[in-house]
Amino acid sequence: MSVIVPAGAGRGPGDPPEPPRQTILFDAVAVAREGRVALDGVTLRLAEARIGIVGLNGSGKSTLLKTIIGLVAPSAGRVTVDGLDPSAQARAVRATTGLLFQNPDNQIVFPIVADDLAFGLKNHGWSKAETRERAQAALARLGIEALAARRIHELSGGEKQLVALAGLLAVAPKTLLFDEPTSQLDLRNRNRLARLMAGLPEQLIVVAHDLDLLADFERVLVLEDGRVVFDGAAAAAIACHRERAG
Amino acid sequence: MIDGIGRSGATPLHRLPTGLKLAALALVATALFFVDRPDVLVGAALVALLGLRSTGRRFREIASDLALPMTVIAALGVVDLVFVDVATAASVVPRLLALAFAAHAVTLTTTTAELTDTFERALGPFERLGLVDAGRASLTLTLALRFVPLIVEEAREIREAQAARGLGSHPIAVIVPLVVRTLVRAQVVADAIDARGFPPPRNSNNAK
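So the sequences go chain by chain: X and V. Numbering of the first sequence is given in our numbering, commencing with residue 69 and proceeding in unit increments. Numbering of the second sequence is given in our numbering, commencing with residue 390 and proceeding in unit increments.
Excised from the complex, chain X in its bound form:
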C-alpha cells in the first residue's frame, strides 16, 4: 500500500502558503433521477483539502460530485462553489473545478494526447501558444511528457488515467473531483496514481470504493440512500462504512 500524505500536512512557518481552496456548500439539496431519489436533503460545507466520499453503489456519491460541477441540477435546495451556482454559472465553476471520470476512455476526446489536453484549454479560452506551454507543463508535472505525441488507443489504462488527469491539471483548477479513480487500474498504476494524488496541492474530493486511498484524508463522508449518514475523520468513517456494508 502506498503512503498517502495529505497535501496540507506538516506545514511550518517557513513553508509556502496553502494553495487556494474552494468552499462548496450544499443547502438541503435533493436530486431525483430516473424516478428515484439520488440525494435526499444533503446539507454540507466542504472546505478541507482532502475530502473522501464512500458508500454502496447507488448511494448518491457520483451524483453529489456531478452537482458540484453542474452536470446534475438539484431538484430542491442549492449548491454553491465559492458563491457560484454550478447550474447557472457552469463555465465559471468548471474553470476552477475539474472532474476525473471513472473510465478515462470516456473522458479523453482527441485521439492524440497533446491534442486532448489542448481541447480542455481551448474550451477555457487559452491562446494557442499558452495551450502548448500549459499542456507540456501538465504532462511534465505527472512525469508523462513522453506521451505527448502518442495515440490514446496505444496507451495502457494507467497511462490513460494520467492523461485524463493532466487534461484537468492543465486548466489549473483549484478543486479536483475524482470519481472512483483507481477502479480500473492494476495495483502498480493504482499506487502510482495514489502517490500522485497525495502530492497534488489542489483541493481533492474523492469518491472511492478503494478505502486505503482515503485512509489519511482529513474528512470522509459516508452516503447511504442519498443521505450523509456519517461525516468525520477517515478512520471512523471507514469503520462506519464497513459496519453498515455488512
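Just to be clear, a hint being listed does not mean it is correct.
[As the list claims (entries may be wrong)] So these bits of chain V aren't anywhere near chain X, every CB distance computed over 10 Å:
1) Pro401
2) Phe423
3) Gly466
4) Phe515
5) Ala550
6) Ser558
[As the list claims (entries may be wrong)] Chain X is nowhere near these chain V residues, computed Cβ spacing over 10 Å in every case:
7) Ala456
8) Leu465
9) Val471
10) Ala478
11) Val481
12) Pro514
13) Asp522
14) Pro560
[Said to hold, decoys possible] Okay, the calculated beta carbon distance ranges per label pair:
15) X:Arg104 with V:Glu516: 33 to 43 Å
16) V:Asp425 with X:Gln252: 51 to 61 Å
17) X:Ser251 with V:Gly398: 34 to 44 Å
18) X:Arg310 with V:Gly513: 55 to 65 Å
19) X:Ser143 with V:Pro401: 53 to 63 Å
20) V:Ala464 with X:Ser155: 47 to 57 Å
21) V:Gly445 with X:Ser143: 52 to 62 Å
22) V:Arg570 with X:Arg104: 15 to 25 Å
23) V:His559 with X:Arg312: 41 to 51 Å
24) V:Val565 with X:Ser143: 27 to 37 Å
25) V:Thr400 with X:Leu93: 50 to 60 Å
26) V:Phe515 with X:Arg200: 20 to 30 Å
27) V:Ala533 with X:Arg312: 37 to 47 Å
28) X:Ala205 with V:Arg517: 32 to 42 Å
Hints are computed from structural coordinates only; laboratory data are not their basis. All C-beta atoms, glycine included, are put in the ideal place defined by N, C-alpha and C.
Could you slot chain V onto chain X? The hints should help.
What follows is chain V alone, placed relative to chain X:
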C-alpha cells in the same frame, strides 16, 4: 484507416497547410473521375504512392494500412473485368488506388487537431449564416475518429463474451448490446465534454 490519422512530422507533406492538402485532395479526386486513359491513371497512382512513401511510411506498412481498401479495389476490378470490360477495369483500379494513396498521405500527415481546426474554419461562413454550429460539427468529426476504434473493440468483447457462454455468432446478438453500450457511453462522454468546458467561448484565442 482510422488508425492512420497522423502525428506531426517534418516531411514536406507534413509542413503543407491542412486546408491546402484537403483542397488538393478534393481537386485530384474530382479530376481523376474525368480521366479514362489507363496509362495516365496508372501514372497518377504511382505519383500518389511516391507521395505517400515520402511521408516516411514504408511500402510494407502502406500495404498493411491499406489492405482492406486494396482488397475491395481488387474485387471491383475483377467484377469490372468479368461483367463489363478490360478497359473499364484498367481505369477503375488505378483511379481508386490513386485516390486511396492520396487520401492516406493526407491523413498520415495531418493531426486530428489540424483536421478539426480546418474543418471548423471551413464551416465558419455557414455558421455566420446560422446554418451550422462549426464547433459542434468539428467535435462530432473528432469523436468519430476517437471512438470508432473503441466501438470496434467493444464489439469484439461482446462477441468473445457470447462465445464464452456458448452462443453462436449472430449479427443481432452483437448489435443490440453494442448499441445499448454505445448509447450509455455517449451519455457519459457528453457529461465529460460538458465538464471540460465545451463549448469554448467566442473569440477564445485571445480570451486569456
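Now the hints, each set against the structure:
Non-interface status of Pro401 (chain V) relative to chain X is upheld: no Cβ of that chain comes within 10 Å, the nearest being about 19 Å off. In this structure Phe423 (chain V) is separated from chain X by more than 10 Å, as the shortest Cβ-Cβ distance comes to about 35 Å. With a least CB separation of 32 Å from chain X, Gly466 (chain V) remains clear of the 10 Å interface cut-off, as annotated. Listed as a non-interface residue, Phe515 (chain V) keeps its Cβ farther than 10 Å from every Cβ of chain X; the least gap is roughly 20 Å.
Interface exclusion of Ala550 (chain V) from chain X stands, the closest Cβ pair being 18 Å apart, more than 10 Å. For Ser558 (chain V), the non-interface assignment is confirmed: its Cβ lies about 24 Å from the closest Cβ of chain X, beyond the 10 Å cut-off. With a least beta-carbon separation of about 19 Å from chain X, Ala456 (chain V) lies farther than 10 Å from that chain, consistent with its non-interface assignment. Chain X leaves Leu465 (chain V) outside its interface by the beta-carbon criterion, the shortest separation being 30 Å against a cut-off of 10 Å.
The non-interface label for Val471 (chain V) is consistent with chain X: the shortest C-beta to C-beta separation is roughly 39 Å, beyond 10 Å. At roughly 36 Å, the least C-beta separation between Ala478 (chain V) and chain X is larger than 10 Å, which holds for a residue marked as non-interface. The claim that Val481 (chain V) lies off the interface holds: its Cβ sits roughly 32 Å from the closest Cβ of chain X, which is beyond the 10 Å cut-off. Every C-beta of chain X lies more than 10 Å from that of Pro514 (chain V), the closest at about 21 Å, which supports listing it as non-interface.
The beta carbon of Asp522 (chain V) sits about 15 Å from the closest Cβ of chain X, which is more than 10 Å, so the claim that it is off the interface holds. At roughly 25 Å from the closest C-beta of chain X, the C-beta of Pro560 (chain V) stays outside 10 Å, upholding its exclusion from the interface. For the pair Arg104 (chain X) and Glu516 (chain V), the beta carbons lie near 41 Å from each other, so the given range of 33 to 43 Å is met. Restraint check, Asp425 (chain V) to Gln252 (chain X): a C-beta distance of roughly 55 Å satisfies the suggested window 51 to 61 Å.
Range check, Ser251 (chain X) to Gly398 (chain V): Cβ separation about 37 Å, and the 34 to 44 Å hint holds. At roughly 57 Å, the beta carbons of Arg310 (chain X) and Gly513 (chain V) sit within the given window of 55 to 65 Å. For the pair Ser143 (chain X) and Pro401 (chain V), the supplied restraint of 53 to 63 Å holds, since their beta-carbon distance comes to about 59 Å. The hint said 47 to 57 Å for the Cβ distance between Ala464 (chain V) and Ser155 (chain X), and at roughly 55 Å that hint holds.
Between Gly445 (chain V) and Ser143 (chain X) the beta carbon distance is about 57 Å. The supplied range of 52 to 62 Å therefore holds. Arg570 (chain V) and Arg104 (chain X) have their C-beta atoms about 22 Å apart, which keeps the hinted 15 to 25 Å range intact. Checked against the hint of 41 to 51 Å, the pair His559 (chain V) and Arg312 (chain X) passes, with Cβ atoms roughly 44 Å apart. Our hint of 27 to 37 Å for Val565 (chain V) and Ser143 (chain X) holds, since their Cβ atoms are close to 33 Å apart.
Range check, Thr400 (chain V) to Leu93 (chain X): Cβ separation about 55 Å, and the 50 to 60 Å hint holds. Here the CB-CB span from Phe515 (chain V) to Arg200 (chain X) is close to 29 Å, well matched to the stated 20 to 30 Å. A hinted range of 37 to 47 Å holds for the C-beta pair Ala533 (chain V) and Arg312 (chain X), which are about 45 Å apart. Taking 32 to 42 Å as the suggested C-beta distance range, the pair Ala205 (chain X) and Arg517 (chain V) conforms, at roughly 35 Å.
The earlier numbered hints are all upheld by this structure, with none contradicted.
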